[in-house]
Structure formats: structure tokens, C-alpha cells
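Asker: Given next are the chains, with one letter for each unit.
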Amino acid sequence: MALVETAEGGLQPDVLAGTVSRKRRRARRWTFLGVLPFFAFITLFLLIPTGKIVLDTFETATGGFTLSNVDAIFHAPYPSAFEFSIELSALSALWGGILGFLVANAVLHHGIPRWVRPAYLSFSGMAANFAGVPLAFAFTATLGSLGVVTVLLKHLGINIYPTFSLQGLLGASLVYLFFQFPLMILLMVPVIEGLRKEWREAASNLGAGSFGFWRHIGLPVITPSLLGLMVLLFGNAFSAYATAYALGISNLPTIQIGQFVNGNNGYDPQDAYALAFGMIVVIVITIIIYSLLQRRTSRWLK
Amino acid sequence: MAQVSTASAAPASHRLRRARSRVPLWHVLWLVLAAIFFLLPIYSVVRFSLEGILPGQGIFHWYQTVFDDPNFRSSFWLSVQISLETVAVSLVLMVPTVFWIHLRLPRLRPVMDLITILPFVVPPIVLIVGLAPYIEKFSWLAVRPEVLAFIYVVFALPFLYRALDGGLRAIDLKTLVEAAESLGSSIPGTLFRVILPNLRAAIIGGSLLTVAICMGEYTVASLLGFFTFPNYTYEIGTSTAYEGVALTFISFILVWAMMLALYLLGRGGRAAAGVAIRE
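First to last, the sequence lines map onto chains W and G. For what it's worth, our numbering labels the leading residue of the first sequence as 1, then goes sequentially. For what it's worth, our numbering labels the leading residue of the second sequence as 303, then goes sequentially.
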């Protein structure tokens with residue numbers, strides 16, 4: 001499969017074996033040359049920078065080994081930033097995951113008018129990509145202290161301020177929901193489509209309604225991938241920077257790292273490395289959980 | 303997809319068909335709730351951007367002032383330039399690589415799957431902490447906006463790779479290449495004249511997503527000090543909220559247009575339309 005010409009060469013009489021193997025070796029060398037630029041690029045722009053963070057976290061200014069940088073993550077204000085970030089990411093992943101699942105399921109229902117599916121799916125593609133500064137401004141115009149909805153509610157006698165704020169856990173998770181929710185819809189649609197139609201029909205023939213089907217068959221089969229995708233959403237929110245920055249949230253590791261890189265904190269590279277390392281640890285744990293859940297999923301779904 | 307499911311439902315019994323065509327109320331409820339949640343911020347943006355206007359000024363006053371601002375044009379142009387550079391670098395790097403892997407090194411495909419997931423899981427802010435010391439070391443590099451294009455190539459990698467991988471899976475690559483070779487075409491000639499036309503939808507789809515990522519990227523651009531369109535939006539928004547919200551609506555239209563184009567591309571494009579940025 002890999003080397004078309006040399007595979008044919010292998011069928012030649014033994015006399016030619018010497019030249020063939022030499023040819024094959026040369027061919028293989030050239031074959032790998034073809035992907036060299038890509039791997040060089042990835043090494044330069046992705047592997048070296050990420051690796052450098054891990055190494056520098058354990059290095060003193062003079063080059064010795066140290067654990068004191070890691071220790072820095074456990075002193076104020078960093079633990080509360082990690083805590084808030086994890087809470088915010090988990091909340092937005094939970095909301096986004098559940099709502100995304102419900103809407104994906106509704107969109108795929110047979111009785112729904114035909115225009116609904118493309119309308120919701122293409123809009124989801126848009127909303128999942130609409131993040132960062134404009135998203136933060138959009139919600140400021142909606143639910144900020146002078147936002148359109150805030151003012152409307154005030155006219156109706158409901159004053160959401162000062163209890164509510166876009167920088168708090170509830171407000172910020174609502175903003176994040178605007179990209180988490182559609183992302184979940186897009187990721188969930190193929191999973192629900194993967195549920196075998198025969199199961200649905202079999203359940204229906206045995207007298208199960210939609211609720212019975214989901215309770216006894218659909219949910220048990222889908223739960224690992226549902227959780228897996230929520231873990232993915234968690235990671236997605238955990239690494240968000242621009243949206244939080246434009247909203248004016250400062251109590252997040254990403255924002256604190258940004259202040260170091262910006263030079264606003266007098267750029268102590270050691271603390272920035274330690275924070276970045278802390279983020280890598282959280283992300284790695286996320287990936288491990290995701291891949292474990294993914295492995296369970298592949299047993300049942302196509 | 304819709305046709306397939308209705309076709310298979312047709313031979314089913316009457317009772318079954320009636321049960322299926324009735325949409326449960328809670329499905330409608332979730333769809334309506336989702337629509338409200340998505341449309342409310344967009345409605346608010348439009349309303350907000352038309353407010354705060356003095357008598358004598360047109361209703362699109364804030365859009366007008368933004369369009370008249372030379373900084374709008376320069377930052378927008380910078381973002382467009384960086385986007386095009388990113389697309390060019392990504393395609394030159396990725397198309398031959400993915401083609402070659404499909405043709406000669408299929409064993410590398412799991413490795414590629416893993417590597418192209420990495421940019422999706424490594425947060426941009428973490429990547430920039432690792433890259434900043436290198437970029438600062440080369441001062442001539444640090445002031446060139448092209449450096450952003452090279453970093454954005456990394457961000458676009460998962461999406462472009464998936465688009466190209468899907469595109470190449472859909473064609474009978476080996477037969478095409480063998481046919482071209484037997485007609486005397488070289489490998490590069492085959493790539494340009496035979497494979498590229500077959501990958502058109504995947505390439506356009508992947509490129510559109512890349513542009514969408516680049517046009518909206520704030521984190522790296524701001525930390526490296528480049529005044530791109532999202533940076534301009536942020537600066538304006540912190541001084542004049544109305545203008546910032548007008549720019550928000552412009553960004554929204556921009557992303558929407560690109561996603562619409564992706565959708566109109568049909569299957570090939572839609573397959574590429576995974577999802578994108580964490581900002």
C-alpha cells in the first residue's frame with residue numbers, strides 16, 4: 001500500500017533483489033522528505049514553545065532544577081483564578097451540553113418542518129465561531145447595565161442589577177453559552193444520528209414511547225459521548241481569553257497570563273510559565289477523561 | 303438526510319407514522335427557547351447601535367463614523383492581509399503534505415490525527431507564552447505582521463486538515479494518480495492538474511474557516527501588539543460603546559457571510575465546517 005512501485009518490485013526474480021532493496025531504501029528516504037516541511041513547522045511553532053513552558057517551569061533563573069515555580073500557583077491570587085475558571089467552564093459546559101443535546105434531538109425529529117434543520121445548523125456554525133471581543137460587546141448591549149434587555153426588564157419593574165453582573169459566574173457563563181450551546185448542537189447531531197434506527201423501531205414495536213426509548217436505550221448508549229463532549233466544552237471554555245478580557249473579567253488564569261505577557265505585571269516570566277503549566281495540567285486531565293469516555297462510546301455508536 | 307429518514311418511515315405502519323409526524327411539545331419548546339437565546343443578543347446589538355444619536359444625525363450615524371475612521375480601514379485591511387497570508391501559507395504547507403500522506407505514507411495518518419488535534423487543545427494564551435521569548439529575540443521579526451500569519455497557521459491546522467483529509471478520502475486517489483502517471487504526468491503535475499480540481503470544495507471550505515479564525519483572533523494579535531480588526535473593535539468599544547456595538551454587528555455579518563458561503567458550498571464545504579475558535 002505504502003510504496004506502490006517497490007511493492008511490485010518485490011515480485012521480481014531474486015537476481016534483482018539487491019537493486020530493488022537499494023531502490024526501496026532510497027524511495028523511502030524520499031518519501032519521508034515529502035512531509036519534512038510540515039513536521040519542521042509543527043516542531044518550531046507548536047512543540048518547542050509548549051515544551052519550553054514545561055521545562056522552564058522547573059528551572060531556576062540560573063538553570064538549576066526547582067519546584068518553587070509550581071509552588072507559586074498555590075499562592076494568592078492564582079488558586080482563586082483557577083477555581084473561578086473551573087467553575088465557569090464547568091457551568092457553561094453543563095448548560096451548553098444539556099441544552100445542545102435537547103436542541104440537537106429536537107432538530108432531528110422527523111416531524112419538524114424541513115427548513116428548521118438547515119436553519120438551526122447553519123446558525124450554530126455561525127454562533128460557534130462568533131466569539132471574542134464582538135461576543136462580549138453583544139452581551140454588554142443586551143444584559144450590560146444599560147443593555148437593551150436590562151432596560152426592557154426595568155420598564156417591567158424587574159431590576160436585575162446590582163445582583164446580576166456579566167462578570168459574575170452566572171453572567172459570564174451566559175455569555176460563554178452563546179458559543180458552547182451551538183458547538184454542542186453541531187457535535188451532538190452526528191452522535192444522535194448514529195443511534196441505530198432499528199433500536200428505535202424495536203423499542204416502538206415493543207410499545208415504548210419516545211420517553212421510554214430515551215430512558216432505557218437512548219440515554220444509556222449516548223451518556224458516555226454526552227459526557228465526553230461536555231468535557232470538550234469544558235476545555236473550550238477553560239482556554240478562552242478574548243471574551244473574558246473584553247467582558248472585563250480579571251480573575252482567570254488566562255487573563256493573568258496575558259497581563260504577564262503584556263508587561264503590565266512587570267513580566268515575571270517564571271510566574272507566567274507556572275500558570276501556563278498549571279493550565280496545561282488541567283487540559284491534559286481533560287483530554288484523558290475525554291479519550292476514556294470516547295473509548296466507551298465507540299462500542300455502541302457507529 | 304431528511305429524505306432518507308422519511309423514505310424509510312413510509313413503509314411503516316399507520317400508527318407508527320402518525321406517532322412520528324407529531325412533534326412533541328417539548329421539542330418545539332426547546333427550539334423556541336434556543337431561537338430566543340440566539341436572537342436576543344443580535345436584536346439588542348442592532349437596537350443599541352441605532353441609539354444615542356443626536357438630532358440631525360442619520361440613523362446609521364455610528365456606522366458612518368466607524369466607516370469614516372481611517373483606523374477602521376487600516377485595521378480591517380491588516381486583518382484581511384494576515385488572513386490571506388495565513389491561507390496561502392497553510393495551503394502551501396498542508397495540501398502537498400496531506401496528499402503525500404494519503405498517497406505514500408498512510409501509516410502516518412494516526413500521527414497526523416493526533417498532531418492536528420493539539421492546536422485545538424493547547425490554549426492560544428499558553429502557546430504565546432512559549433513563543434513570545436523567541437519572537438522577542440528577533441526584533442526584526444517581532445514587528446512584522448507576517449509573524450501572526452505563521453502562528454495562525456497553527457490555529458487553522460485542525461480545521462484545514464480535517465477538510466483536506468475528508469476531501470482526499472472522498473476521491474479514489476490511487477487510481478487518479480496511476481492514471482495520470484501512465485499518461486506521463488509527474489507527481490507535482492498530477493497534484494496541480496488532477497488532485498487540486500477534485501479538492502476544490504475542501505480547499506475553499508477550509509480556507510473560509512481559516513479566514514473566519516484570522517479575522518476574529520484577538521488574543522495573540524493584542525499580546526504581540528498588532529492593531530488588527532478585533533483590536534480596533536476593542537479600543538473603540540472601550541471609548542464609545544455605540545461605535546463598538548456597531549463594529550460588533552459588522553463582525554457578526556462578516557462571520558455570518560462566511561458561514562453562509564460555507565453552507566452554500568454544499569457537502570464538501572459543510573464537511574469542512576467543523577467548528578472553530580476558542581476566544
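Incorrect hints may appear among the rest.
Unchecked claim - Computed spacing ranges between beta-carbons, pair by pair:
| id | chain 1 | residue 1 | chain 2 | residue 2 | range |
| --- | --- | --- | --- | --- | --- |
| 1 | G | Phe440 | W | Arg196 | 53 to 61 Å |
| 2 | G | Phe440 | W | Ser291 | 51 to 59 Å |
| 3 | G | Pro447 | W | Thr163 | 39 to 47 Å |
What the hints assert, rightly or not - Derived list of chain G stretches under chain W, where covered just means 3 residues or more per stretch with a C-beta under 8 Å from a C-beta of chain W:
| id | stretch |
| --- | --- |
| 4 | 339-350 |
| 5 | 400-409 |
| 6 | 414-422 |
| 7 | 432-440 |
| 8 | 445-458 |
| 9 | 496-502 |
These are calculated hints, taken from the structure and not from any lab test. By construction, the Cβ of each residue, glycine as well, lies at the ideal position given by its N, Cα and C atoms.
Asker: Decide, hint by hint, whether the structure agrees.
Answerer: Hints, verified against the model:
no. : hint                             : in the structure
1   : Phe440/G to Arg196/W: 53 to 61 Å : 56 Å, holds
2   : Phe440/G to Ser291/W: 51 to 59 Å : 37 Å, violated
3   : Pro447/G to Thr163/W: 39 to 47 Å : 44 Å, holds
4   : 339-350                          : holds (count 10)
5   : 400-409                          : holds (count 6)
6   : 414-422                          : holds (count 3)
7   : 432-440                          : holds (count 5)
8   : 445-458                          : holds (count 4)
9   : 496-502                          : violated (count 0)
The structure shown violates the earlier hints numbered 2 and 9.
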